[in-house]
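A.B. asks: Starting from the known structure of chain G, arrange chain D on it as the hints suggest.
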Amino acid sequence: DAKTTQPPSMDCAEGRAANLPCNHSTISGNEYVYWYRQIHSQGPQYIIHGLKNNETNEMASLIITEDRKSSTLILPHATLRDTAVYYCIVRVNTDKLIFGTGTRLQVFP
Amino acid sequence: ETGVTQTPRHLVMGMTNKKSLKCEQHLGHNAMYWYKQSAKKPLELMFVYSLEERVENNSVPSRFSPECPNSSHLFLHLHTLQPEDSALYLCASSQVDTVTRGYTFGSGTRLTVV
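Chains as they are written, first to last, in our numbering: chain G, 1 to 109; chain D, 1 to 114.
It is worth saying that the hints were derived from the structure and are not from the lab. Incorrect hints may have been included.
Sample of chain G residues at the chain D side, in silico, Cβ under 7 Å [as the list claims (entries may be wrong)]: (1) C12; (2) G29; (3) Y46; (4) K96.
No farther apart than 25 Å at their CA atoms in a straight line, the calculated lysine to any residue pairs in the SDA-like style are these [to be verified]: (5) D:K22 <-> G:Q42; (6) D:K40 <-> G:N23; (7) D:K40 <-> D:R54; (8) G:K96 <-> D:K40; (9) D:K41 <-> G:Q42; (10) D:K41 <-> G:T83; (11) D:K40 <-> G:P7; (12) D:K40 <-> G:M10; (13) G:K96 <-> D:H73; (14) D:K41 <-> G:L97; (15) D:K41 <-> G:L80; (16) D:K40 <-> D:L11; (17) G:K96 <-> D:V60; (18) D:K40 <-> G:S41; (19) D:K41 <-> G:S41; (20) D:K40 <-> G:T79; (21) G:K96 <-> D:V55; (22) D:K40 <-> G:P8; (23) D:K41 <-> G:R104.
Here the structure is a predicted model, which means the values were calculated and not measured. Every residue, glycine too, gets a C-beta built ideally from N, C-alpha and C.
Isolated chain G (complex conformation) (with noise of 0.2 Å):
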């Protein structure tokens, strides 16, 4: 069973930031958490991952609370080509990846 709880939709005006939600009020204290998207009909496309630090690529941005039990993944500034459904897994790096329902991204001109 999927361990986090994301919205299941959200939109973005082109150009401003989105910033997605999950809760993962159970985590373990080595388990990682874990961003994927998937733009539709694609296989899933790594975007980051943290253990407790926040973190930044050239994709996004993670923020993971001092508690661990949530974190927000932020797109600067999103674009068109950012809609799909964004996934937000926690699980130790010898774990299975476990998929949920994730959170639909629309973003709108």
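C.D. replies: Then chain D, alone, in the frame of chain G:
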């Protein structure tokens, strides 16, 4: 191109046919996976291969038969499928003994059973 290649991209087959899906990874990973994604459903993990041995079979019907001849190749053999087996079948690979980016997915095979 993600480093995981799936063929064919699309497949239409009758319920009495036998076909195979192929997956190849060029990333040097030591584990491979088959997922199924039916319309409007989350991805379902079907099979896990680690170091070429099947380590997990998530109650998948026997009409789906995986094969992993080496660490770079994974097949899914299909026979006597049902229309409800129509779905997007995704292959993924990973390196299980390190903290990495997790899984790398292929683009999938869109299967239609008629």
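A.B. asks: Could you run down the list of hints and mark each one as holding or not?
C.D. replies: Here is what the structure says about each hint:
1. Taken as an interface hint, C12 (chain G) does not check out: its beta carbon lies about 22 Å from the nearest beta carbon of chain D, beyond 7 Å.
2. Interface hint at G29 (chain G): violated, since its Cβ lies 14 Å from the closest Cβ of chain D, which is beyond the 7 Å cut-off.
3. Because the closest C-beta pair between Y46 (chain G) and chain D is about 5 Å apart, less than 7 Å, the hint holds.
4. With a cut of 7 Å, the hint placing K96 (chain G) at the interface with chain D holds, because the nearest CB-to-CB distance is about 6 Å.
5. Distance check on the hinted pair: K22 (chain D) and Q42 (chain G) sit about 16 Å apart at the alpha-carbon level, within 25 Å; holds.
6. For the proposed pair K40 (chain D) and N23 (chain G), the alpha carbon gap of about 22 Å is at most 25 Å, so the pair holds.
7. Simply put, K40 (chain D) and R54 (chain D) have alpha-carbon atoms about 28 Å apart, too far for the 25 Å limit, and the pair is violated.
8. Between K96 (chain G) and K40 (chain D) the alpha-carbon distance is near 22 Å, which keeps this suggested pair within the 25 Å criterion.
9. A hinted pair counts as satisfied when its Cα atoms are at most 25 Å apart, and K41 (chain D) with Q42 (chain G) qualifies at roughly 14 Å.
10. Restraint check: the Cα-Cα separation between K41 (chain D) and T83 (chain G) comes to about 18 Å, which is no more than 25 Å; the hinted pair holds.
11. Restraint check: the Cα-Cα separation between K40 (chain D) and P7 (chain G) comes to about 16 Å, which is no more than 25 Å; the hinted pair holds.
12. Straight-line distance between C-alpha atoms of K40 (chain D) and M10 (chain G) comes to about 17 Å, which keeps the hinted pair within the 25 Å bound.
13. The hinted pair formed by K96 (chain G) and H73 (chain D) meets the criterion: a straight-line CA distance of about 19 Å does not exceed 25 Å.
14. Between the alpha carbons of K41 (chain D) and L97 (chain G) the distance comes to roughly 16 Å, so the proposed pair stays at or under 25 Å and holds.
15. Using a Cα cut-off of 25 Å, the hinted pair K41 (chain D) and L80 (chain G) holds, with the two alpha carbons roughly 23 Å apart.
16. For the suggested pair K40 (chain D) and L11 (chain D), the alpha carbons sit about 20 Å apart, so the restraint of at most 25 Å is met.
17. Only pairs whose Cα atoms come within 25 Å are accepted, and K96 (chain G) paired with V60 (chain D) is accepted, the gap being roughly 16 Å.
18. This hinted pair checks out: K40 (chain D) and S41 (chain G) have alpha carbons roughly 11 Å apart, not beyond 25 Å.
19. Between K41 (chain D) and S41 (chain G) the alpha-carbon distance is near 12 Å, which keeps this suggested pair within the 25 Å criterion.
20. Distance hint between K40 (chain D) and T79 (chain G) is fulfilled; the C-alpha atoms sit about 24 Å from each other, no more than 25 Å.
21. Only pairs whose Cα atoms come within 25 Å are accepted, and K96 (chain G) paired with V55 (chain D) is accepted, the gap being roughly 11 Å.
22. For the suggested pair K40 (chain D) and P8 (chain G), the alpha carbons sit about 12 Å apart, so the restraint of at most 25 Å is met.
23. Straight-line distance between C-alpha atoms of K41 (chain D) and R104 (chain G) comes to about 13 Å, which keeps the hinted pair within the 25 Å bound.
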